[in-house]
Amino acid sequence: MKLWRRLIIPVALLSIVAAACGDDDDDAPAADATTTAPAGEETTTTAAPVATTAATTATSEAATTTAPPELVLDEPVSIIGLYEDTGESPAAQPYFAAGAQMAIDEINEAGGIGGQEVSYERIAAGLAADAAVQSTLQAIDAAPTVIIGLPSSGQVIAAAPEIAKAEIPSILFSAAPQAFLDYEGEGGVGNEWVFIYRPRNTAIAAQQVAFINEEFAPSKVALLCVNNPFGTASCDVMEAELDALGIEVTTRETNEFDATDMTTQVLAIQNGDPDLILDVNFPNPITVFGNQLIENGVTIPHVDGASAGFAFLSGNLTDEARDLLYGVEDCLPTLQNEEWAAKYEDEFGAPPNYAAAETYDAIYIIKAAIEKAGSTDPAAVRDALAETSHEGICTTYETDEGNGLHHAAVVVNYEGGTINIIKELSF
Amino acid sequence: MTAALGSAVSTIAAVCEFTGGKRTFISLLFSGLSIGSIAALAALGFLLMQKATGVISFAQGDMITLGAYIAIWWMRDQDVYWLLAYPLTLVMMFVIGIGLERVAYAPLKGRSIHVVVIATLGAALVIRAIIALWQDTTPTSLYSPLKGRDPVKIGGAAIPPVKIAVFVVTLIVVFIMIMVFNKTQFGRQVRAIASDRPTARLHGVAATKMSMIAFGLSTALAGLAGILIGPTQSVDLTLGFGAMLAGFSAAILGGFGSLGGVVIGGFMIGLSEQIVGGYCLREYKSAFPYILMLIVIAVRPQGLFSRGAAHGRL
Chain S
1 MKLWRRLIIP
11 VALLSIVAAA
21 CGDDDDDAPA
31 ADATTTAPAG
41 EETTTTAAPV
51 ATTAATTATS
61 EAATTTAPPE
71 LVLDEPVSII
81 GLYEDTGESP
91 AAQPYFAAGA
101 QMAIDEINEA
111 GGIGGQEVSY
121 ERIAAGLAAD
131 AAVQSTLQAI
141 DAAPTVIIGL
151 PSSGQVIAAA
161 PEIAKAEIPS
171 ILFSAAPQAF
181 LDYEGEGGVG
191 NEWVFIYRPR
201 NTAIAAQQVA
211 FINEEFAPSK
221 VALLCVNNPF
231 GTASCDVMEA
241 ELDALGIEVT
251 TRETNEFDAT
261 DMTTQVLAIQ
271 NGDPDLILDV
281 NFPNPITVFG
291 NQLIENGVTI
301 PHVDGASAGF
311 AFLSGNLTDE
321 ARDLLYGVED
331 CLPTLQNEEW
341 AAKYEDEFGA
351 PPNYAAAETY
361 DAIYIIKAAI
371 EKAGSTDPAA
381 VRDALAETSH
391 EGICTTYETD
401 EGNGLHHAAV
411 VVNYEGGTIN
421 IIKELSF
Chain G
428 MTAALGSAVS
438 TIAAVCEFTG
448 GKRTFISLLF
458 SGLSIGSIAA
468 LAALGFLLMQ
478 KATGVISFAQ
488 GDMITLGAYI
498 AIWWMRDQDV
508 YWLLAYPLTL
518 VMMFVIGIGL
528 ERVAYAPLKG
538 RSIHVVVIAT
548 LGAALVIRAI
558 IALWQDTTPT
568 SLYSPLKGRD
578 PVKIGGAAIP
588 PVKIAVFVVT
598 LIVVFIMIMV
608 FNKTQFGRQV
618 RAIASDRPTA
628 RLHGVAATKM
638 SMIAFGLSTA
648 LAGLAGILIG
658 PTQSVDLTLG
668 FGAMLAGFSA
678 AILGGFGSLG
688 GVVIGGFMIG
698 LSEQIVGGYC
708 LREYKSAFPY
718 ILMLIVIAVR
728 PQGLFSRGAA
738 HGRL
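As they're listed, the protein sequences go chains S and G.
With my numbering applied, the first sequence covers 1 to 427.
With my numbering applied, the second sequence covers 428 to 741.
Just chain S, same shape as in the assembly (with noise of 0.2 Å):
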């Protein structure tokens, strides 16, 4: 029998289910992309009056004064990132691995915590559920103070139940609203160990359809959303928002993470004849949808989450699609807190972007719940950090029932090729 035929079975099952089967990895930076990065967040409370340009300029050492400067620890902390570096997989970003460096030389040059220099180590976590796990269990046999890391939704769900198992206190970076403590619906993986410090993604899609209304206040609303948990979760939030304010929901159409053509896509919306498009997607998607609007003449506003400042920065948006996107980003220390983004553009040789600030101010959240605790004992920290409390490079981190620590974001616009705050958030 030939080759090719001996093959095709096999082959044509795994084209099958590489189309129709989605990435899980919401948050993190993609692939698909390509580069990815969740948006959205948690439930509504209020949203902060409109402001124009940067906020906060407190340090984190500032930030961290609680400390008791008589502690002295005797046991050694150390602390494991799970996360990649650049070069490790396509999805590799240097931010999570640069901001924790930055802040744990900080810490180690101005006398470590309770006298003990903080022993750090990063283990590179895949993106696959099994590769997280593994480089979790990993991270659990060294046993340490405390484990931050894991980006994807799809990291944390799968190694949440191993790290509640292990007792070990954690600050998880997915934003996915299964990650949380409080979270009632099936599949939830939060635990009194697991800390978030991203917003949910669902309080994101919901403070994107509040401001959308605000701003433009369209009659029809087109949705776009990408073909996984993030987005069909941020989607149905979104949708059931829009209904609530009365605006009609014109289409709602899907996409791959990975897809390279949105041609159907653009005529479904087009012909619904929408006012405005809100889109949850990976960066990829969302550029070549953005040009593909623009060419079939579809000239409305295009409201992404946080993906969208990588489709910004990949620089292959056209300037028409560029000028009519929309993004929500965690933070954004290059305006938020320019001077420490410079700081970090000088060590690193690149301006910083969210997930650079948030690792940063994991570790100093770390920090302070340790000193507060007096003590490296998992249980007390894990306590401690129940009752964070921290001013971080872009807002301040409060600890609420879910576990979740980050409640603000900022909407922002690329016009004109740079990066504008329009709005902040806060919930």
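Derived by calculation from the structure, the hints in this document are not laboratory data.
Keep in mind that a hint or two might mislead.
To be verified - Partner residues aside, some chain S positions facing chain G, computed with beta carbon under 10 Å:
id	residue
1	86
2	255
3	263
4	265
5	268
6	297
7	317
Just so it is clear, CB atoms sit at the ideal spot from N, CA and C, and this is done for glycine as well.
Fit chain G to the given chain S structure using the hints.
Just chain G now, kept in the frame of chain S:
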């Protein structure tokens, strides 16, 4: 019969939305032709290599990615004008293909064909890692003189010039390939090897040389596909994967039999995804080409355009 037909029509009416008129159809048609063109180029690469060497190279997808990155390197890092950068990229890809043949195929001659196929997978991973270390993993963009140009209006539909260019370039390349394989000594030698390798060698056909050239040409075709799709999206390490899957499916539809067959297979892939998926069950549109492929495998395993045992033909 009438009842069955009526039932089929009702089903189609239930799952399909034929909205948008001529404008939508023309847009979907050009989109399908553009996607099909890339699939056809990738399929040609598969076919050429398979005929000359018996190997199906799963490094083809990463070669597409590499082609885009090399073009970016010429234009962005070396500041070479696009008109020169594109041909230079193709030349480099040809040389890289020959290198791949020497590294991943020649040393394994005489080993099981499965070993060679796995070696191409290994080569794919190495290529991907090299690109990551060389160009970083951050998505980037590939320049095209047609990117951002005003769309061409055809029948009320706005067609991006890039899509038209992809289709036209593919047609030209297919024509050249057909000429090469039917009118040149190289073509006749490759066809002879594809038909009966031992006999061809006995007649003096330099199989090693043919194999190197086939790898080179196949890789250059992948590079061309990379140059063509790069400007339509962000370029990252996964750029070529989808094109490789589509190309492999196109080659299966065409039956790995004839050059024209795999090209038509490529267009069937693109059109089934865009036209069928554009009107019916849009959420599943990316699965349609592979459903089509499975149907063809089930109904006509030798492919749509192969005639029984005529797999040796090119």
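Okay, the hints, checked on the actual structure:
Because the smallest distance between the Cβ of residue 86 (chain S) and any Cβ of chain G comes to about 6 Å, under 10 Å, the interface hint for this residue holds. Contact between residue 255 (chain S) and chain G, as hinted, is supported at the beta carbon level, the nearest pair being about 9 Å apart and thus within 10 Å. Proximity of residue 263 (chain S) to chain G holds as hinted, the smallest CB-CB distance being about 4 Å (cut-off 10 Å). A hinted interface residue such as residue 265 (chain S) counts as satisfied when its beta carbon comes closer than 10 Å to some beta carbon of chain G; here the least separation is about 7 Å, so the hint holds.
Interface restraint check for residue 268 (chain S): the shortest CB-CB distance to chain G comes to about 6 Å, inside 10 Å, so the restraint holds. Annotation: residue 297 (chain S) was flagged as interfacial toward chain G, and the flag holds, the nearest CB pair being 6 Å apart, inside 10 Å. The beta carbon of residue 317 (chain S) is positioned within 10 Å of a beta carbon in chain G (closest approach about 9 Å), and the interface hint is therefore held.
Comparing the model with each earlier hint shows no violations; every hint is respected.
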